[in-house]
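There are 2 protein chains.
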Amino acid sequence: MAVELKLPVAAVTIATAALALLTGTSALPGAPAGQTEQFDYQTRYFQQKVDHFGFAEVATFNQRYLIADRYWNHNGGPILFYTGNEGDITWFCNNTGFMWDVSKELEAMLVFAEHRYYGESMPFGEKSFGNLTNLNYFTSEQAMADFAVLIRSLKQTIPGAKTSPVIAIGGSYGGMLAAWFRMKYPNIVVGALAASAPIWLFENLTACGDFYAVVTNDFLKSGQGCADSIRNSWDAINNLSSTAEGLTFLSHAFHLCSPLQASDVASFKSWLSDTWVNLAMVDYPYEADFLQPLPAWPIKAVCTFLKDPSLPAESLLKNIFQAVNVYFNYTGNAECLNISQTATSNLDDQGWYYQTCTEMVMPTCSDGVKDMFEPVPWDFQLFSDNCKKEWGIRPRPDWITTVYGGKNINSHSNIIFSNGGLDPWASGGVTKSISDTLIAIIIPEGAHHLDLRSRNDKDPISVQKARALEVEYIKKWIQEAKNEPMPF
Amino acid sequence: MAVELKLPVAAVTIATAALALLTGTSALPGAPAGQTEQFDYQTRYFQQKVDHFGFAEVATFNQRYLIADRYWNHNGGPILFYTGNEGDITWFCNNTGFMWDVSKELEAMLVFAEHRYYGESMPFGEKSFGNLTNLNYFTSEQAMADFAVLIRSLKQTIPGAKTSPVIAIGGSYGGMLAAWFRMKYPNIVVGALAASAPIWLFENLTACGDFYAVVTNDFLKSGQGCADSIRNSWDAINNLSSTAEGLTFLSHAFHLCSPLQASDVASFKSWLSDTWVNLAMVDYPYEADFLQPLPAWPIKAVCTFLKDPSLPAESLLKNIFQAVNVYFNYTGNAECLNISQTATSNLDDQGWYYQTCTEMVMPTCSDGVKDMFEPVPWDFQLFSDNCKKEWGIRPRPDWITTVYGGKNINSHSNIIFSNGGLDPWASGGVTKSISDTLIAIIIPEGAHHLDLRSRNDKDPISVQKARALEVEYIKKWIQEAKNEPMPF
Numbered sequence: 386m387a388v389e390l391k392l393p394v395a396a397v398t399i400a401t402a403a404l405a406l407l408t409g410t411s412a413l414p415g416a417p418a419g420q421t422e423q424f425d426y427q428t429r430y431f432q433q434k435v436d437h438f439g440f441a442e443v444a445t446f447n448q449r450y451l452i453a454d455r456y457w458n459h460n461g462g463p464i465l466f467y468t469g470n471e472g473d474i475t476w477f478c479n480n481t482g483f484m485w486d487v488s489k490e491l492e493a494m495l496v497f498a499e500h501r502y503y504g505e506s507m508p509f510g511e512k513s514f515g516n517l518t519n520l521n522y523f524t525s526e527q528a529m530a531d532f533a534v535l536i537r538s539l540k541q542t543i544p545g546a547k548t549s550p551v552i553a554i555g556g557s558y559g560g561m562l563a564a565w566f567r568m569k570y571p572n573i574v575v576g577a578l579a580a581s582a583p584i585w586l587f588e589n590l591t592a593c594g595d596f597y598a599v600v601t602n603d604f605l606k607s608g609q610g611c612a613d614s615i616r617n618s619w620d621a622i623n624n625l626s627s628t629a630e631g632l633t634f635l636s637h638a639f640h641l642c643s644p645l646q647a648s649d650v651a652s653f654k655s656w657l658s659d660t661w662v663n664l665a666m667v668d669y670p671y672e673a674d675f676l677q678p679l680p681a682w683p684i685k686a687v688c689t690f691l692k693d694p695s696l697p698a699e700s701l702l703k704n705i706f707q708a709v710n711v712y713f714n715y716t717g718n719a720e721c722l723n724i725s726q727t728a729t730s731n732l733d734d735q736g737w738y739y740q741t742c743t744e745m746v747m748p749t750c751s752d753g754v755k756d757m758f759e760p761v762p763w764d765f766q767l768f769s770d771n772c773k774k775e776w777g778i779r780p781r782p783d784w785i786t787t788v789y790g791g792k793n794i795n796s797h798s799n800i801i802f803s804n805g806g807l808d809p810w811a812s813g814g815v816t817k818s819i820s821d822t823l824i825a826i827i828i829p830e831g832a833h834h835l836d837l838r839s840r841n842d843k844d845p846i847s848v849q850k851a852r853a854l855e856v857e858y859i860k861k862w863i864q865e866a867k868n869e870p871m872p873f
Numbered sequence: 386m387a388v389e390l391k392l393p394v395a396a397v398t399i400a401t402a403a404l405a406l407l408t409g410t411s412a413l414p415g416a417p418a419g420q421t422e423q424f425d426y427q428t429r430y431f432q433q434k435v436d437h438f439g440f441a442e443v444a445t446f447n448q449r450y451l452i453a454d455r456y457w458n459h460n461g462g463p464i465l466f467y468t469g470n471e472g473d474i475t476w477f478c479n480n481t482g483f484m485w486d487v488s489k490e491l492e493a494m495l496v497f498a499e500h501r502y503y504g505e506s507m508p509f510g511e512k513s514f515g516n517l518t519n520l521n522y523f524t525s526e527q528a529m530a531d532f533a534v535l536i537r538s539l540k541q542t543i544p545g546a547k548t549s550p551v552i553a554i555g556g557s558y559g560g561m562l563a564a565w566f567r568m569k570y571p572n573i574v575v576g577a578l579a580a581s582a583p584i585w586l587f588e589n590l591t592a593c594g595d596f597y598a599v600v601t602n603d604f605l606k607s608g609q610g611c612a613d614s615i616r617n618s619w620d621a622i623n624n625l626s627s628t629a630e631g632l633t634f635l636s637h638a639f640h641l642c643s644p645l646q647a648s649d650v651a652s653f654k655s656w657l658s659d660t661w662v663n664l665a666m667v668d669y670p671y672e673a674d675f676l677q678p679l680p681a682w683p684i685k686a687v688c689t690f691l692k693d694p695s696l697p698a699e700s701l702l703k704n705i706f707q708a709v710n711v712y713f714n715y716t717g718n719a720e721c722l723n724i725s726q727t728a729t730s731n732l733d734d735q736g737w738y739y740q741t742c743t744e745m746v747m748p749t750c751s752d753g754v755k756d757m758f759e760p761v762p763w764d765f766q767l768f769s770d771n772c773k774k775e776w777g778i779r780p781r782p783d784w785i786t787t788v789y790g791g792k793n794i795n796s797h798s799n800i801i802f803s804n805g806g807l808d809p810w811a812s813g814g815v816t817k818s819i820s821d822t823l824i825a826i827i828i829p830e831g832a833h834h835l836d837l838r839s840r841n842d843k844d845p846i847s848v849q850k851a852r853a854l855e856v857e858y859i860k861k862w863i864q865e866a867k868n869e870p871m872p873f
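Protein chains in written order, with this note's numbering: chain A, 386 to 873; chain B, 386 to 873.
Certain hints may be false.
The list treats identical chains as interchangeable, and a pair is accepted whether it falls inside one copy or across any two copies.
[Stated by the list, open to error] Calculated cross-link-like contacts (lysine-lysine; reagent style DSSO-like; alpha-carbon spacing at most 30 Å): (1) Lys540 x Lys817; (2) Lys792 x Lys547; (3) Lys547 x Lys489; (4) Lys792 x Lys540; (5) Lys703 x Lys817; (6) Lys547 x Lys817; (7) Lys861 x Lys817; (8) Lys792 x Lys861; (9) Lys692 x Lys817; (10) Lys512 x Lys703; (11) Lys703 x Lys861; (12) Lys860 x Lys792; (13) Lys843 x Lys512.
Think of the hints as simulated: they come from the structure by calculation, not from any bench.
Same shape as in the complex, but just chain A (with noise of 0.2 Å):
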């Protein structure tokens, strides 16, 4: 199952607020798929606490994990735990073919954790978001304490696994859960491998626009004209949205299954704003089927279609047309194209909603200049009220920055920050090392967590070069750990 997690982005929803912030604006997906594996692994559940940090709620729930080893070395050998992250477990571990690439040469076994309110790891059972008082242990904190209490489960439980050195390894989500679990509890794992992890796309951290300029950039490269096409649809759509012949000729132009009304082009603009983003995400140098099945290097393709940004409206749009499609039908199976999906149709984004609207709050914006997007502006009042009018709640938008640190975590140690040029979430990601044992990589050929994906022979050498180097520190993390045994 493909998993495609939404990050709502200010935008594209400064119109359709509500809606969009439902239909998303930018993926941000748990890890990399390529054709999807289906890796050797038994299924185990493990009982939790369903409160960690306090003492009244005593209930507990059955966490699903995934345990491979094959290959481990029965006598402490290395644990590869993955911090799961905002989606079914099965599909993190079976589309995070490093972690089984590299299992054998390491002797490690392989552990993949599912995250609360994800998959089959509900708290309250079909309960769990029923309201705001069983939603309520949703967050990354409690999610932690789960792999840190499940990981000293198994290390007192498994023969063989006490002094086992742990190493966090996650994907965007995921990999800011495996940087935050190294921060927390370095008693627990030795090292992290943060795979595009976006930690600094919180508060001010970083600057809102930066998001949307890596987009552009993706396509600015990508052909002549490309962005420049784009920049200047929004207008030719504004323009021929404002009368019913234009909204007729759209859905026309666009293969779109219902016809575009007046109220719908908020939502149509967001379809294609998600649909550059995601494309910047997935542009990986080979065949893929993530998000949607795509051709190597997609945003080349794309580009093949938008070489004239000077031509007139119609003309321009049956070109956006033709780049979009590449998108959503290099099958040729699609019969329409549907404007409230732009990514895989088993989307399972309602937790992540839940999330960016307690703790997970990241500004974007966009000004039309450094980027070739729409201008809206980061506007948070907006934001929370929208999350009010859905859950109830309202977000906390300086609370990750206080409990992990923000910019100052230059006192941590062992965590590798990889971080794909081409991916829009490195605008948030630590891209320069900090310190001899903080260690940024970056990957100018990858989208998002290329490095976590599988072997390919068509990987360029810079993720050849990443994951060798992400190999090189898990070794001497595992080495020194063993020179000083950290047994629970």
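Given the coordinates of chain A, work out where chain B should sit on it, guided by the hints.
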């Protein structure tokens, strides 16, 4: 107001566990007091979220904090932040003379933050202890989140404080909080002085008998026959209390306010045990009034009455009375002794009892061989059953080591662990340096956090040196922070 907080200890609780849990055995006070001084501070209140780790409860409460800036350098001078522990913050403030003594030299602002559920900082006012739901936010994690949010606000709102390096300082449980606060929020505090902080008195990190062995050693060193007299007293009490005649003798010999009943004997022995423990904690080199008004080196004074352990039961116990009378009646004002009281009458141990029944489970035991107490094994089940009976909850004995790292804390930095050689709590302290930046200091002649007390002419050289070293490290941390500011 003097506060004595209770550590439920198996050694004296097996017979009347529920009572002993309330009347306590060994005290874990928060900060030392000599002659209580009155310092010049302002009292302020900060609006805190009741729940930092969930979004359903939106209530807030006023956290009290005290602030003094007489010597503060208004251009980014440091902030010494007392991480308040289990009691009224004004008492800690007035009894932590060290901070006041060094504030001029360091040009430091002093802040003393009250721990939630103590003093005036009640999340639900008078109903804070009313039910488990209201008590649910009473954890060390929430308390430290309060500290983090408060510090961030102070730095944002006090002109000149934006880049002020903050040092956490605390004693006893407050020392544990100072250490853990640096571990969990190194973005907020650049270092911590954790005085007499038994962070390793959890789970199986310390042999359960060590605590009472230290107490015993204090008596062994303070006079020939002293510890043996106490060791022999238990059988003498057991024998005498088996008859009505013997009970009458004991009531008279100990000048008890209420005649001793057979059912009181366990409490009577607990009261004696508590007294020996308390004496070990406050064995200060000068007259002081911490738990009780006492002479200099009170154990030596006590031991002058306990030179012959081979005396027959009645004579031995008459001497034991003389010994405890030093503790309970140094002023000569007590008309009789009350076995329900072992320290100041301002006891406020309800909160700490809750904490021991949730997170703060510190196993202790005695064997009568390595110590002078009656043999009592650690019995977690009994302890837990009593918690269930009293509060309706059961403790989680392995949580503290999971969340705060147990002995695996070597990746942290900038923490001083100071320990008194006479202090039983040092048995669970960090008494050997872990790294260049995790420093243990031993004060051989020190009882419970002597170093946090005001300067005194009778201070032994060891505590003078300890304080000098502490100031040296604090200056180093401040300087390092100045070189690499952490604006928030």
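Checked hints:
Taking the shortest Cα distances, Lys540 and Lys817 sit within 30 Å of each other only across copies (27 Å), while inside one copy they are farther apart (34 Å). In this assembly of identical chains, Lys792 and Lys547 lie within 30 Å of each other by CA distance solely across copies; the values are 15 Å between and 34 Å within a copy. For the identical chains of this complex, Lys547 and Lys489 are intra-copy neighbours only, at 20 Å inside a copy versus 50 Å across copies, given an alpha-carbon limit of 30 Å. Within a single copy, Lys792 and Lys540 get their C-alpha atoms only as close as 33 Å, which misses the 30 Å cut-off; across copies the closest is 16 Å, which meets it.
Proximity of Lys703 and Lys817 under a CA criterion of 30 Å is satisfied in neither setting, with 42 Å inside one chain copy and 74 Å between copies. Within a single copy, Lys547 and Lys817 get their C-alpha atoms only as close as 35 Å, which misses the 30 Å cut-off; across copies the closest is 25 Å, which meets it. Taking the closest pair of Cα atoms, Lys861 and Lys817 come within 30 Å of each other both inside a single copy (20 Å) and across two copies (27 Å). Both within a single protomer and between protomers do Lys792 and Lys861 lie at most 30 Å apart by alpha-carbon distance, with minima of 25 Å and 22 Å respectively.
Proximity of Lys692 and Lys817 under a CA criterion of 30 Å is satisfied in neither setting, with 35 Å inside one chain copy and 69 Å between copies. Neither within a single protomer nor between protomers do Lys512 and Lys703 lie at most 30 Å apart by alpha-carbon distance, with minima of 46 Å and 67 Å respectively. For a Cα distance limit of 30 Å, the shortest separation of Lys703 from Lys861 qualifies neither inside one copy, at 54 Å, nor across copies, at 66 Å. In the homo-oligomer, the alpha carbons of Lys860 and Lys792 lie at most 30 Å apart both inside one protomer (27 Å) and across protomers (23 Å), since each shortest distance falls under that limit.
Taking the shortest alpha-carbon separations for Lys843 and Lys512, neither the intra-copy value of 45 Å nor the inter-copy value of 65 Å comes in at or below 30 Å.
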